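Undergrad: Protein chains in written order, with the working numbering: chain A, 1 to 403; chain B, 1 to 322.
Hints listed in this document are in silico derivations from the structure and should not be mistaken for laboratory results.
Remember, predicted model here, so these are calculated numbers, not experimental data.
All C-beta atoms in this analysis are idealised placements derived from N, C-alpha and C, irrespective of residue type, glycine included.
Be a bit skeptical, because a hint or two may be false.
Straight-line distance between alpha carbons at most 25 Å, and here's what the computed DSS-like set of lysine-lysine pairs gives [said to hold, decoys possible]: (1) A:Lys122 with A:Lys144; (2) B:Lys274 with A:Lys269; (3) B:Lys70 with B:Lys202; (4) A:Lys342 with B:Lys221; (5) A:Lys264 with B:Lys200; (6) A:Lys322 with B:Lys221; (7) A:Lys174 with A:Lys144; (8) A:Lys342 with A:Lys322; (9) B:Lys117 with B:Lys202; (10) A:Lys269 with B:Lys221; (11) A:Lys267 with B:Lys70; (12) A:Lys267 with A:Lys197; (13) B:Lys33 with B:Lys200; (14) A:Lys65 with A:Lys152; (15) B:Lys117 with A:Lys264; (16) A:Lys194 with A:Lys174; (17) A:Lys152 with A:Lys82; (18) B:Lys79 with B:Lys33; (19) B:Lys33 with B:Lys202; (20) B:Lys33 with B:Lys9; (21) A:Lys174 with A:Lys65; (22) B:Lys200 with B:Lys221; (23) A:Lys267 with B:Lys272.
Chain B is faced by these chain A residues, among others (derived, beta-carbon under 10 Å) [stated by the list, open to error]: (24) Gln207; (25) Met225; (26) Leu251; (27) Leu254; (28) Leu260; (29) Ala288; (30) Gly319; (31) Lys326; (32) Leu336; (33) Arg358; (34) Phe361; (35) Lys365.
Which chain A residues face chain B? A few, computed with CB under 10 Å, are given here [claimed, not checked]: (36) Gln163; (37) Ala282; (38) Leu320.
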Amino acid sequence: MTDKNSNTNYYSRPGNNRDPINNDRPDTADEIKEQTEAQKVKSESAVADLDGGDLKINPKTNRNKLMEVKNLHIAYNTDRGKLHAVNGVDFSIYNNETTAVIGESGCGKTTLCLALLKLTEKNARYLSGEIIYQGDEQEKNILKLDEGELRKLRWSDISLVFQASQSVFNPVIKIKEHFIDTVRAHQRGLSAKKILKRARNLLEQMQLDADRVLSSYAHELSGGMKQRTLIALSFILEPKIVIFDEPTTALDVLTQRKILDLLKTIKEKNDFSLIIITHDLAISAELADNVATMYAGKIVEYGPVESIYYQPRHPYSYGLIKAVPKIVAGKGEEGLTSITGKPPDLIEIQEQCSFAPRCDFASSKCYNTIPSLNNIAEGHQVACFNYQEVPSIKDGSHVQNSD
Amino acid sequence: MSRTLIEVKDISKSFGEKNKKVPVLRGLTFNIKADEILCVVGESGCGKTTLGKVLAGLEGYNGGSYLHEKKEVNKLSKKDFKLFRRRVQMIHQDPFASLNPTQNVFTILSAPLYRHKIVKGYQQAVDKVNSLLDLVGLTPVQDFIDKFPHQLSGGQRQRISIARSLTLEPAFLIVDEAVSMIDTSLRISILNNLLEIQNKLKVAYFFITHDLAVANYFAQKGRIAVMYLGKIVEIAPTEEIIGNPRHPYTRALIGAIPEADPEVTRQKERFKLKDSEVPSLQNIPGGCAFHTRCPWAEKPICYEKEVRLTGSGQHKTACHLV
Numbered sequence: 001m002t003d004k005n006s007n008t009n010y011y012s013r014p015g016n017n018r019d020p021i022n023n024d025r026p027d028t029a030d031e032i033k034e035q036t037e038a039q040k041v042k043s044e045s046a047v048a049d050l051d052g053g054d055l056k057i058n059p060k061t062n063r064n065k066l067m068e069v070k071n072l073h074i075a076y077n078t079d080r081g082k083l084h085a086v087n088g089v090d091f092s093i094y095n096n097e098t099t100a101v102i103g104e105s106g107c108g109k110t111t112l113c114l115a116l117l118k119l120t121e122k123n124a125r126y127l128s129g130e131i132i133y134q135g136d137e138q139e140k141n142i143l144k145l146d147e148g149e150l151r152k153l154r155w156s157d158i159s160l161v162f163q164a165s166q167s168v169f170n171p172v173i174k175i176k177e178h179f180i181d182t183v184r185a186h187q188r189g190l191s192a193k194k195i196l197k198r199a200r201n202l203l204e205q206m207q208l209d210a211d212r213v214l215s216s217y218a219h220e221l222s223g224g225m226k227q228r229t230l231i232a233l234s235f236i237l238e239p240k241i242v243i244f245d246e247p248t249t250a251l252d253v254l255t256q257r258k259i260l261d262l263l264k265t266i267k268e269k270n271d272f273s274l275i276i277i278t279h280d281l282a283i284s285a286e287l288a289d290n291v292a293t294m295y296a297g298k299i300v301e302y303g304p305v306e307s308i309y310y311q312p313r314h315p316y317s318y319g320l321i322k323a324v325p326k327i328v329a330g331k332g333e334e335g336l337t338s339i340t341g342k343p344p345d346l347i348e349i350q351e352q353c354s355f356a357p358r359c360d361f362a363s364s365k366c367y368n369t370i371p372s373l374n375n376i377a378e379g380h381q382v383a384c385f386n387y388q389e390v391p392s393i394k395d396g397s398h399v400q401n402s403d
Numbered sequence: 001m002s003r004t005l006i007e008v009k010d011i012s013k014s015f016g017e018k019n020k021k022v023p024v025l026r027g028l029t030f031n032i033k034a035d036e037i038l039c040v041v042g043e044s045g046c047g048k049t050t051l052g053k054v055l056a057g058l059e060g061y062n063g064g065s066y067l068h069e070k071k072e073v074n075k076l077s078k079k080d081f082k083l084f085r086r087r088v089q090m091i092h093q094d095p096f097a098s099l100n101p102t103q104n105v106f107t108i109l110s111a112p113l114y115r116h117k118i119v120k121g122y123q124q125a126v127d128k129v130n131s132l133l134d135l136v137g138l139t140p141v142q143d144f145i146d147k148f149p150h151q152l153s154g155g156q157r158q159r160i161s162i163a164r165s166l167t168l169e170p171a172f173l174i175v176d177e178a179v180s181m182i183d184t185s186l187r188i189s190i191l192n193n194l195l196e197i198q199n200k201l202k203v204a205y206f207f208i209t210h211d212l213a214v215a216n217y218f219a220q221k222g223r224i225a226v227m228y229l230g231k232i233v234e235i236a237p238t239e240e241i242i243g244n245p246r247h248p249y250t251r252a253l254i255g256a257i258p259e260a261d262p263e264v265t266r267q268k269e270r271f272k273l274k275d276s277e278v279p280s281l282q283n284i285p286g287g288c289a290f291h292t293r294c295p296w297a298e299k300p301i302c303y304e305k306e307v308r309l310t311g312s313g314q315h316k317t318a319c320h321l322v
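Isolated chain A, as found in the complex (with noise of 0.2 Å):
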């Protein structure tokens, strides 16, 4: 398959141009796969890196921000009144980089991101905020384009492949007449022939039977066919962003380690930024380089995946952790522990922190001031008064006597 990609790979275009800035930087494919291949020999490096008792969590320095989302508001128009799905959030995508959001059911997690592409339900009100797109021209504000643009925007610039990918496929028209329709959907002057000698080259990458999987309907493929075709239709038109919603949701653990595996050799094989939204923490810790923990609509911890997972500062963050059972991980875990209590009702407007009542680190100014995002390190920041009292879940001496 690697003999495949490196001679088709059509994202290294002439001159690749879009990231000038940032060609010095050390995660480059090639490093990247010299890396991995280091620790497949050396498969005990995690351990051995951490022996010296502190985490090596390097802030990546020259970061070039793709999109800023700033103090977002979003809120549903329901029978019981507004619904605040999306509370003020802040964030930012970075060029090349993976950004996973994790969080619960109904926490706002797929309004955030449907609102990136500005595709959220008729019933959605936009209260507030900005999202502003560095694109090839100039900054635009998302939220201020009119449909045209939008059309222009989505697919070409950024991608979105919904949760239940098993459902997105039209049943009566055959897949390669999803790749057309959405080519021509966005972009214009691009013969049927051009686009389906695209669309098999990434079929190819995703490791499947490109003509089978073309002249196919959506019932003729398994779970974990339509998965990875609906990968390479999101790729289609080169998007700068990609955006997957629980990308292996539903799917068998072998099925899943395939996709995972086909992302992460896309990924390093070519330049996009990928946002991952999943309850599965596991898939974050896999994927992402940097973690967005959201809470009741909040994004209420942010910071490089390493940190988030090891000196979490956020008692929601460390909580969810916390409860995650592991395999070779959790070799003699006890006391997995889960959250108690349940999240606000977003209907109701909060004027504390909407994690206090579930908290064991709330003190009274808890429930009377909402805390903002701030920093708390290079690239780290944390929306709690209390953080410094949050336990780190491992550290170097964690890992000797685990051994």
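Go by the hints and put chain B onto chain A.
TA: Frame of chain A, contents of chain B only:
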């Protein structure tokens, strides 16, 4: 050593018409002791839910034997079968679909009590329902007893479902993916609740899950059986099967599962299979059914010779090469 509650020998089950039979269970043998936890893991379509239904008496079986308390379940008298129904209960996957939306919690929990004449009169029923709600951690009870399912969260509904399965004081509970539809932060509390119940009531669990990590947590002191295309390919005490997997399929599953630890999950040793797709049940490969995906498969033995679950002691594997 506790006594053996369930003995399953070479059980098989197929669906469909005479000439178009789809074998779903293809000869499974195992025992479950009276206070034991047995977790079954496998990909979708491997027959784990069908096995659960057969054990619960909701589906019959075509071949082999299934002994409950030393009695063949297929041949129970009407009276004995009623007793079997009381002793063996099932908790379903989807708490949104498994509770009647028109009944409140009290009705849901008291109906089986009246039906099987476990309580006499209203007051006894209220007392029993209160103790059940208390057992599944829905306290204070007054807040829940009058509620309808739509007023409860997913986790609370699943607890009602658990309470309902306990109404008839069963000795054997079949739990089918009970936490797969529950939010991450609540999963552990449901699992812990099930473990507490086991501690108090000394019931046996047959726990079906696709998530090896959940099985590893839940069956810490029990056993795990790995199923593939209607057969058990490996069965062993949990610590043994996770720490020292023998069958290539088990190795692949353990290697493939992502873990909530960035360093571990990215550097985990993978066990690559030849093919990520499961063969169709209508066209099960001959010999060892796993040979189409197995990187070890050798000609001619794996392609032609049927494989049986063998091994000394507790750890049994169905593979020609281990």
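Undergrad: Which of the numbered hints above does this structure break?
TA: The structure conflicts with hints 4, 5, 7, 10, 11, 15, 17, 21, 34, 35 and 36, although it agrees with all the remaining ones.
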